[in-house]
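Chains as they are written, first to last, in numbering that gives the first Met the number 0: chain A, 0 to 241; chain B, 0 to 426.
A few of these clues could be false.
[Stated by the list, open to error] Dumping the calculated DSBU-like pairs for lysine-lysine here, alpha-carbon to alpha-carbon at most 35 Å:
1) B:Lys-365 <-> A:Lys-122
2) B:Lys-32 <-> A:Lys-221
3) A:Lys-172 <-> B:Lys-356
4) A:Lys-184 <-> B:Lys-365
5) A:Lys-223 <-> B:Lys-242
6) B:Lys-242 <-> B:Lys-232
7) A:Lys-26 <-> A:Lys-202
Bear in mind the hints are in silico, worked out from the structure with no lab data behind them.
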Amino acid sequence: MLTIAICDDEQKITSQIEAFLFDLGQKQGILLETDVFYSGCALEQQISGGKRYDIIYLDIQMENGDGIAAAEAIREKDETALLIYVSGYEKYMMELFRLDVLAFLKKPIDPVRFETVFLEALKRINRQRFYFTYHYKNAEYKVSCMDIMYFESSGRKIIIHRRESGTESFNGKLSEVEAQLNAGKIPFLRTHKSYLVNYHFIKARSKTEITLTDDTKLPISKDKGTRFGEQYGRLLGGEIDV
Amino acid sequence: MFETAKYLLYVSISIFAYLWVTKRFWDSFLERKKNSVSSVLPWLLLCASQFLMQLQIFRHGTSLWLALFNSLFILLVVLFSYQPTGLETYFLFAFFCIMWGSVELSLYSLFRFIDTDYQATRPMATVSSLILMMAFAYLVSLLSNKTEKAPLPSRLAFVLLLVPVGSIYIMIVQYLTGNHYFLSISVFAILILFNMITFDVYTKLSRFFLHEKENAVHEEQLSMLSKNMEEQKKLMDEFYEEKHNLINELTALRVGLSQENKEDAVKNLDQIIDCYHDMGLLSTSGNSTVDAVINAKYATAKEYGIVFRLQLCVPETLAVESRDLGVVIGNALDNAISAVKECELTEKVIHISMGVKRNALVMIMKNPYEHTIKKNRSGDIQSTKPEKRKHGYGLRSIRRIAEAYAGDLIIDTENGWFTLTVILNLR
């Protein structure tokens with residue numbers, strides 16, 4: 000079941016979104032639980048209270064309360080919720096784009112676009128299901144791919160850097176790990192002889208290094224640079240072309 | 000030994016020229032491999048073999064075996080220092096060897112015919128064959144489509160060829176009038192050197208002029224786009240002002256309605272609707288530069304019956320220079336429009352998506368195309384426009400800007416759809 004929050008000060012919009020979601024839920028055969036909020040504060044309170052949402056539809060120019068501030072507060076408490084901005088506003092602030100937003104929906108909401116964005120959100124959520132398996136000391140281990148930020152190779156050892164808490168290691172070759180993950184749905188990119196990075200944790204890149212979502216910086220080697228650039232570019236393009 | 004030392008200058012320059020010719024010729028057809036032990040070693044072997052050959056020739060005359068060995072080393076160079084391309088490479092190699100062999104043989108025979116003194120004519124024959132081969136290699140490099148077309152009028156090219164001809168003349172004169180044998184040999188050496196310098200300098204100059212021209216065209220494009228953008232920016236500002244006015248008028252209308260004056264209200268609404276009916280501006284991305292360029296180009300596209308499908312979401316303040324943005328979108332759209340306007344079988348549409356993700360501005364432009372896309376040897380797409388020199392700078396300008404932002408330009412041409420993805424990483 001998916002938990003969805005809708006936050007907009009116009010009841011017309013919230014009802015419209017709820018109706019869309021109901022139809023889509025039926026069409027896709029998914030159970031949805033929707034919570035409606037008419038102010039950013041109310042939504043923030045819920046999230047502070049520990050409630051987690053898979054998808055949040057957020058109006059960024061509500062009358063009382065700053066939508067942007069609400070978005071920032073939400074991101075701080077929950078990194079994984081998918082944010083979808085809903086807005087009738089023509090001009091956007093750069094800050095909005097920094098918070099890892101899935102998409103923008105412009106008002107009046109086009110049902111076709113709403114469905115496309117929703118399906119993309121579903122795809123993202125389903126990614127949680129992919130695992131990476133490896134052997135170490137006669138035991139088999141399984142880690143969720145979306146939990147892995149990057150692989151680092153040091154000598155014959157491979158170190159898995161996880162999103163939360165620490166690292167794990169095992170013996171192997173990075174190129175084999177790369178081949179294994181190539182068959183999967185989550186892109187891992189080889190930026191350097193010793194690094195294999197999960198695309199979804201890359202926050203930004205420059206010519207010679209990438210910055211991850213936790214501000215770690217990893218180098219891009221000249222050798223792998225061109226291929227990485229092209230793969231990264233195609234993935235970025237895929238995110239926009241939704 | 001002293002004899003050998005006397006000719007050392009001449010021998011070293013001959014070897015240098017020999018390598019120069021080989022490198023020039025093969026650079027025009029094949030890609031060089033990265034420098035490594037295995038790619039540099041063949042050159043060194045060729046150098047050594049040439050040295051031995053020159054020594055041998057000086058003392059005893061030509062040896063067929065040595066010539067064959069030399070060819071073998073050239074083949075090694077081709078196979079290990081360059082990326083060979085199959086059968087074509089071997090044909091080229093055969094052509095190269097035969098060409099050089101025939102030039103040398105004919106020149107030797109010619110000089111032999113003039114004067115049977117072997118000691119004197121031998122170096123002249125070698126020098127003239129080297130000079131002629133240098134000119135030949137230069138011509139080949141001009142004509143191959145791997146190098147960019149230099150803006151060289153053909154008249155000047157002919158004048159340039161006078162240099163090798165003149166050198167051979169000087170060489171003959173020196174031979175006929177000179178007394179000191181050693182000085183003659185050194186003159187020959189310097190003549191070879193002059194030819195090498197001339198050809199090299201000339202190539203570099205042409206490349207320089209080509210770049211200057213490119214820059215000039217680029218600057219022109221920029222100023223034209225700036226003008227365009229200024230106009231459109233004005234239009235957009237007017238648009239926002241009108242929208243603001245509209246809101247005020249609607250607010251006033253609301254007051255009127257609440258006072259239950261229906262007829263007046265309907266009349267006012269009709270007025271407002273008529274007034275704003277023509278607000279047909281297409282692009283509302285949130286960034287005035289983006290809107291400016293797209294709206295401007297849409298005016299042209301509309302005349303060809305082309306439709307734009309937009310999905311744009313860009314902040315107004317962006318860590319990308321307006322003019323860079325303008326050049327990227329403008330050039331991409333120009334290419335797309337010229338491809339789409341010729342389409343007869345598919346719908347005339349251009350899809351444009353823009354957004355900001357992972358601290359990068361991403362633009363995707365998709366359009367159908369029905370012509371054949373030509374690529375030159377390095378894989379760059381070539382202009383289909385008749386005046387090849389003035390146009391074809393579109394994609395190159397975009398790529399240059401993408402590189403400046405540590406970004407990428409990705410092109411896909413599958414299924415009759417041309418997809419351009421431009422990534423500009425924000426600073």
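Verification of the hints:
1. Taking the CA atoms of Lys-365 (chain B) and Lys-122 (chain A), the gap is near 24 Å; set against the 35 Å cutoff, the hint holds.
2. Of the supplied pair hints, the one linking Lys-32 (chain B) and Lys-221 (chain A) holds, its CA atoms being roughly 16 Å apart against a limit of 35 Å.
3. With a C-alpha separation of about 32 Å, the suggested pair Lys-172 (chain A) and Lys-356 (chain B) falls inside the 35 Å cut-off, and the hint holds.
4. For the hint linking Lys-184 (chain A) to Lys-365 (chain B), the alpha-carbon distance of about 25 Å falls within 35 Å, and the restraint holds.
5. A distance of roughly 50 Å separates the Cα atoms of Lys-223 (chain A) and Lys-242 (chain B); the hinted pair therefore is violated under the 35 Å criterion.
6. With a C-alpha separation of about 15 Å, the suggested pairing of Lys-242 (chain B) with Lys-232 (chain B) holds against the 35 Å cut-off.
7. Using a Cα cut-off of 35 Å, the hinted pair Lys-26 (chain A) and Lys-202 (chain A) holds, with the two alpha carbons roughly 34 Å apart.
Of the numbered hints stated above, the single one contradicted by the structure is hint 5.
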